[in-house]
Amino acid sequence: MKILIVEDNERVAQFVTKGLREAGHTVEHAANGRDGLFLAASEPHDVIVMDRMLPGNVDGLGIIEALRQAGNRTPILILSALDAVDERIKGLRSGGDDYLTKPFAFGELLARVDALGRRSSGAEAGHTLQVGDLRMDLLSRRVTRGSRAITLQPREFKLLEYLMRHADQVVTRTMLLEAVWEYNFDPQTNVVDVHISKLRQKIEHESEAPLVRTVRNAGYMMTEHE
Amino acid sequence: MNRLLRSSPVTWALGYLLLGLAALVAFAVLLWYAWNVSIFSGREEILHADAQHLADVFAREGPQGLKAHIDSRLRLQIVGERTLLLTDADYRPLAGNLAAWPREIPDGAGTHAVMVDQLAGQPVHTLLLRTTLPGGYHLLVGRDLGFYLPLERKFAWGLTAAITFLFVVGVAGAVLIRRQLLARVQGMRTTVSAIMAGDLRRRLPAADSGDEFDTLSRTINGMLDHIERLIHGVSDVSNSIAHDLRTPLAELRSRLEELTLTRPEPAETFAAIEAAVADVDRVMSIFAALLRLAELDTGARRSGFVEVDAARVAAEVVEFYEPAAEQKGVAFSFRAAGAAPVAGDPVLLAQALSNLIDNSLKCVPERGAIVVCVDKRADGSVAIEVADNGPGIAAADKPKATERFFRGDASRNTPGVGLGLSIVDAVARLHGGALELLDNHPGLRAQMVLPVTAATSSR
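Protein chains in written order, with the working numbering: chain U, 599 to 824; chain R, 640 to 1098.
Since the hints were made in silico from the structure, they are not lab data.
Even for Gly, the Cβ is constructed at its ideal location relative to N, Cα and C.
Take these hints with a grain of salt, some might be off.
[Stated by the list, open to error] Facing chain R, from chain U, some residues (calculated, C-beta under 8 Å):
1) Ala682
2) Gln786
3) Lys796
Working from the sequences, and respecting the hints, build out all of it.
This is the structure:
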């Protein structure tokens, strides 16, 4: 994917650029709002990572609004040290697609950038999702693995649907909390892990290949590949 | 004096005093006028009637008859109220109680007020009516003007006394009211000054009389409670940051410093770095919790309140925690008596409940039990309760349990930073309710009570 980073802090920019390149993405970097707006407007990107507080008292939200008004639909991940709920809402209202507060773990950033990129490429086809021999029918809400039917609770269905929609991508626990339970706080116990392991028990019988992998220091990934 | 006049109770009292005086004076003037008109004109009428009567006697019985009539009349009179004089054409007295025709009387008919010497006694201020009878006889009919003088004097005295009384009472009242008010205001002022000087625990005196001052004092005391809590919160936070953030930061620092000094094998280095990242995460989670608390304390989140079914929120959180409880072998049950609508923030309520369940899960023993229930009370308030059979909180620790960074002895060795209950408490207070920590014999019954007012005020 081609990614644009608008971030004035050199160290953060370097760290993110390096990490994203290692993950196989093409990365461009703008250190201020003017350059960022110019780059974003002049060539197409798959995802834009936008810092909020830029040099010269420029708010990244202003740039996002300008891009959206110009008809630019590139998915944007907002990076910000402003954590209050109001700030998040403001960020998303201005046209941002996701909001990540600083400081952040790189795994979280990567997972969210991947998720945004996937969303824009519109990889969803029809009303079935498939990973390996695991199939999910979104209309009849039926899940099967091979010939075996799997019964899921509504919330388990939602969790599996999210994992399958983001197959071959890392999803973090925070992303799962936000998407499946709509909670924006971190429970102190490893509740998400327990839900995942319960789900695994249902979709991965002993004779079957594992589909949900734990990615160390990041989260989970659903994939049929080893 | 100037200061006294600037005092508002004195100004008001003096205003009322002037109003009273003005009313009294207006009353007196009107009364005086009415009195004068009726008495004065009444007197003239009587004089005319008298003179007419005597003229009739004269016409009927002649001068001698009138003389006898006058004599008999005067004999009946005890005090010199009435003055009568009959003279011939040359003003020589024939009958009456005057020695001579008074010189002061001008010619011509009509009434005249003059001083005359009555035969028996004092000079009297008299109103005289002069009539000329047929045959040149002159007749004077008079009435003592001083007859009502004592009454008038009494009236004047009474008026003066009333004015004096009103004035004295008014001024004394003003001074007394001022003194009373000053005493109360002074009490408030000394308290407020003490608070400004830094003694935040002082409160305004408030009796149970329920008057305006007590109501005001109680309102101000409520405000002071809130301010004290906020200030303590701020100083607590600074203390906690100094204390609780320093520990992981110090660990982190020594870990990294050790790495640069010892330069161990790569595998060991990476393990140390991972531990350092965990330290940073811990610091970050403390920061996040503190920021959330600060956000809650400002009350800004209240603008996002919607009508929420607390029972539904609780059911979802319970469902969220069910697998974790199951894994730990804890009996986890949920009970709700129908919908429990409150005005609130569903995510915050979920977080508060999740903190309570987290706490319980951490401290209940293997095969313990946790019961979550949502009840609608008779007064319409909603109670969200998490009860467990863990070690509970010691009675002595309960008041401190919601303080930031407080950790009871029982939880010393469990993970956490001591902000969970602070957040629950802050969420409950944001919703106008309170967090109550009750005993479950054994264990803890943590109850968030959300008042019905929260549900109605937002509509």
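(Q) Let me make sure I understand: some of the numbered hints might not hold for this structure. Which ones are they, in numerical order? (A) Hints that this structure does not satisfy do not exist here, as all of them hold.
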